[in-house]
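Undergrad: Top to bottom, those sequences are chains F and B.
Take the first sequence: its letters are residues 429 to 823, numbered as in the numbering used here.
Take the second sequence: its letters are residues 2 to 342, numbered as in the numbering used here.
These are calculated hints, taken from the structure and not from any lab test.
Since we're looking at a predicted model, the values are computed, not measured.
Careful, some of the hints might be misleading.
As the list claims (entries may be wrong) - Looking from chain B toward chain F, a few residues come up when the C-beta cut is under 8 Å (computed):
no.	residue
1	A56
2	L59
3	R86
4	A97
5	F111
6	L113
7	Y315
Unchecked claim - Every beta carbon over 10 Å from chain F, so not counted as near; a handful from chain B, in silico:
no.	residue
8	F15
9	E16
10	N35
11	L58
12	L88
13	I90
14	I99
15	E124
16	H150
17	T265
Glycine is no exception: its CB is placed at the ideal position from the N, C-alpha and C atoms.
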Amino acid sequence: MIGFEIGASLAGLVIGIVCGLVPLVFGIRMGQLRAGVLGFLACAGSGFLCGFLGGLPMIVLSTAVVISYAYVNKQDPFTSLLRIEDVNFEETRGEFFLRQMAALGNAARASWQALVRNKAGFLGFCGLVFFILLTTVGPLFVPLETSPQMDRRAPGARTLFQGPSQEYPLGLDWQGRSVLSHIVHGGGALIATAIVAGLIATAIGVVLGSLAALLGGWPDQLLSVLANFILTIPQFPLLLVLASTLSLNSNLALAFLFASLNWPSLMRAVRAQVLSLRERDYIEAAFALDLGLWHIITREVFPNMVSYVAVNLIFSIRAAMYGIVGLVVLGLVPIREPDWGVMIFLGRQQGALFNPNAVSMLLSPILAIALFQLSLVLFSRSLEEIFNPRLRTGL
Amino acid sequence: MTPLIELKHVYRHFEVNRQRLPVLQDINLSIAANEIVCLVGESGCGKTTTGKILAGLLGPSSGEVLIEGRPRASYTGREAALLRRALQIVHQDPFASINPAHTIGQILGFPLQRHGMVRSRAELRRRIWELLTLVDLTPPGDIVNKFPHQLSGGQRQRVSIARVLTVNPRLIVADEAVSMVDVSIRIGILKMLHRLREQLNLSIVFITHDLALAKYFAWDGRIAVMYLGRIVEIGRTPDVIAHPAHPYTRALLAAVPEADPELTRHKQHLELRSEDIPRLTEIPPGCAFHPRCPFFVPGVCDTRVPPLEPPPDYNQLAACIPLVETGRLIPYTERVNPDGR
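Just chain B, same shape as in the assembly:
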């Protein structure tokens, strides 16, 4: 089955002060219809740029974006307009992503009217009502004439989801969509996104830095872990969470606090060799993670760029040469100091 959207060898760089920042390097990612994919990684790793390329707000510097098997550039005229609407993005900050100058009714009405999706005023009002009910903003009559500043953060995020739904998208990129929302409201919004995915046959790309959230949200989907512009591990969520392959994923998972204090205290902690994230202008040669990697193998990790390959005994793909070639990882400290002294 052709995937809904596919990134092939996508590179993207930005020019900042005449310096070239390689934000994305060789990203390969395909998203099927009705699938959930989580992009996980620390800030600056290129999650948001990937999301914007998926949503069509940015183009790749090189590489291909295929939509239903066809390059994006081959969509022209009416097709391009429909494509534009099929791929949507929900922003992180619900206080910045909604124009404060319009009422909620207007915000939802603009795209509906612009794209001729309603024929009369009654139909417009009916559709706005439906959309507000769909995102659990009830009673809709309470919301429709309010201004964004009169709503809470969670309500605003629901409004921005409803706004995206006005144009009947196929794919929604949720860029840290709940990280600015109160913790108590997050689950409600995530459940709603799940329900919408089933009701409306959506694909969702969920971008987050919070692995616990990714685990909850994408349990029946896939997780892609990103580090400094590359995907370092990708696979079905239960596989990645239960048996993390790449050292970076292991470190991330080890850092997730558990609700049980006993568990957290006795959880095996994975010590990184360095806390500093390298700058994008000085990405280390070979595997970008090697200066921090607790399983660093000198001569291998700092010379060869690891491809995404299936390691033995794992169901997912990981970009780690020692793991793929030998099937196991030996801590660097043991390697340089085998007696443990």
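Okay, chain F solo, but in the shape it has when bound:
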């Protein structure tokens, strides 16, 4: 499917530019040129990165922000001093649309401010953006080197390993290939797999955790016993056994494997959270008002759980990434270059541990993984604030 793929492309840029026209036009019409131009750039950028997948949501978001800058609430304090007979409660579709968009834009702006306010969280966010750009835009500029480059051997050297130099900023690996090119090309699949694994584990955890907490009784006990059972098994040895018996040829299979082991801790966390939320007064009030179970779950319980779930998602992604890299480094997953984990595995196999020239080849993927994980953890700090409804302000 063209457009629905992660990874920068020129077609995506075109999509992004077309998408960006929407906030730009809104910005010009509403006299918010600066916001409009920023929206245009944001759309172009996200379209460039993710095609339609990034462009279409960004249209909505950036247009909402543009509108929220220009929106003047009709029911402002001055007009609302009128008597009720004098207030016009009719609202055209357009006005309703504008009001909704402005509310969305306000929420987005409040979230952004919350993100910027927390320094550690913002640092983590920048780190994540850096790695996403590195693994999506980077491949456009750095060609991947797959075949051995024998001619790069330094005079007098026994191996092709080389430390950083001007020509090869991160040095050369055991086949004389640029480490930088493998760093740039080797992170995308790993990060995507970890994110998918985290998402699956979170989805399972949220659904089962909410069910256990809301149903109570024997479903709760059954799910809790199951979760505890999986939690008590030493995870990594089990992974080793599973990985060596299953054939993990696709990243999706790998993601499912990790999700199936990661969900219990999340489920228990979500269960505890729902149990606490269930006893809140506003839930009781919703029951008294007969708002219905579906409304109570989706509109009363869930919005107050989002930040909690998001933080747990981050930790789940982090755990999955370490797990995957661990398996790869032990050589239990089919070797596919380029990959950060495979770099460590092959480097170790080719004697990089004993070669001072190979330091950069080993350290580069380790640092990349560690920095990515650090960014995740830092970012999770500000996630809570981003989703905290108490930081929102009305129109």
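Starting from the known structure of chain F, fit chain B onto it as the hints suggest.
TA: For chain B alone, coordinates are given in the frame of chain F:
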């Protein structure tokens, strides 16, 4: 006239750590349409549980809840849904009873839309405007798009009252509704509740631990004093306040501070024999108040459970055997030590 809602011999217990806590014992209470009833008592006496049973959020362990003369269980289907909405509760803590994730407009809009009480968006906005004006949150345009955390405690409590009014209730249980609100704002909210009762023909059950507040709020209604799961005294507010019958009510009234320091200083203080409230797991036999009662009569109070009966010369009902049988109470200290030595 059949009362709006009536509790008949209602018992309610909770299981806590395999221990049975009898929270309510033999509660008989009826509330007429458009009536104000105050439930007064110290914490743990079962006021809130009674309120929740009235509001239909809890069922009794045994006993009957009659609504307009019919048992609650006989309401099914559409009738049950209407009944559910007719009985509402306003919680104590306005910071916990409103979901922080929605704007005030949304909070009021959910029940209106869910129960089909408005047909169009314009009508919805009009109704929200009306409700906000009704609870004196003016100008409404200022409030409607705000989030709960942007409002003060008093404003939030008004919002939660407005939310209850969306479904046109017949009875509102106000569970300590003003005790978390600044003292300076309380009177405003109480006056508003009074006005709403008249405008909308509501019954209000006002739960409080503050007898002074009960006196102010329920002057033209009734007060029911609760102690350890039982109603110990019930009657019209002026009667109960002016001539408290039950020793517990007397002690409560004696403890209410007056605005006048002279008055407070010279007010007759009623010394309880013990400050400790017995645990619910170990409710004393006979009258539950007897270990603390300054008018304790050995052999009577600790053996027989007192029924609610009219004592001679009183207009209200009280659960106190010596008072009902002899018409007067003799302090325990005089009884054991008649010479005063």
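Undergrad: With reference to the structure, classify each hint as holding or not holding.
TA: Structure-based check of all given hints:
1. About 6 Å separates the beta-carbon of B/A56 from the nearest beta-carbon of chain F, less than 8 Å, and the hint is met.
2. Using the Cβ-Cβ criterion of 8 Å, the hint placing B/L59 at the interface with chain F is not satisfied: the shortest such distance is roughly 10 Å.
3. Of the supplied interface hints, the one on B/R86 holds, with its beta-carbon coming within about 6 Å of a beta-carbon of chain F, less than 8 Å.
4. Hint status for B/A97 relative to chain F: holds, with the closest Cβ pair at about 4 Å, below 8 Å.
5. Restraint check, B/F111 versus chain F: the minimum CB separation of about 6 Å is within 8 Å; hint holds.
6. Against a cut-off of 8 Å between C-beta atoms, the interface hint on B/L113 is violated, since the closest Cβ of chain F lies about 10 Å away.
7. Taken as an interface hint, B/Y315 does not check out: its beta carbon lies about 37 Å from the nearest beta carbon of chain F, beyond 8 Å.
8. At roughly 14 Å from the closest C-beta of chain F, the C-beta of B/F15 stays outside 10 Å, upholding its exclusion from the interface.
9. Chain F leaves B/E16 outside its interface by the beta-carbon criterion, the shortest separation being 14 Å against a cut-off of 10 Å.
10. With 10 Å as the threshold on Cβ separation, the claim that B/N35 sits away from chain F holds: the shortest Cβ distance comes to roughly 21 Å.
11. Not every C-beta of chain F lies more than 10 Å from that of B/L58, the closest at about 6 Å, which undercuts listing it as non-interface.
12. At the 10 Å boundary, the C-beta of B/L88 falls inside the reach of chain F, the nearest C-beta of that chain being 8 Å off.
13. B/I90, annotated as away from the interface, has a beta carbon of chain F within 10 Å; the closest lies near 5 Å.
14. Residue placement check: B/I99 does not keep its beta carbon more than 10 Å from all beta carbons of chain F (closest about 6 Å).
15. With a minimum CB-CB distance of about 7 Å to chain F, B/E124 fails to clear the 10 Å threshold, and the non-interface call is violated.
16. The claim that B/H150 lies off the interface is violated: its Cβ sits roughly 5 Å from the closest Cβ of chain F, which falls inside the 10 Å cut-off.
17. Here B/T265 stays apart from chain F, with its beta-carbon at least about 35 Å from theirs, past the 10 Å limit.
Checked against the numbered hints listed earlier, the structure breaks hints 2, 6, 7, 11, 12, 13, 14, 15, 16; every other hint is satisfied.
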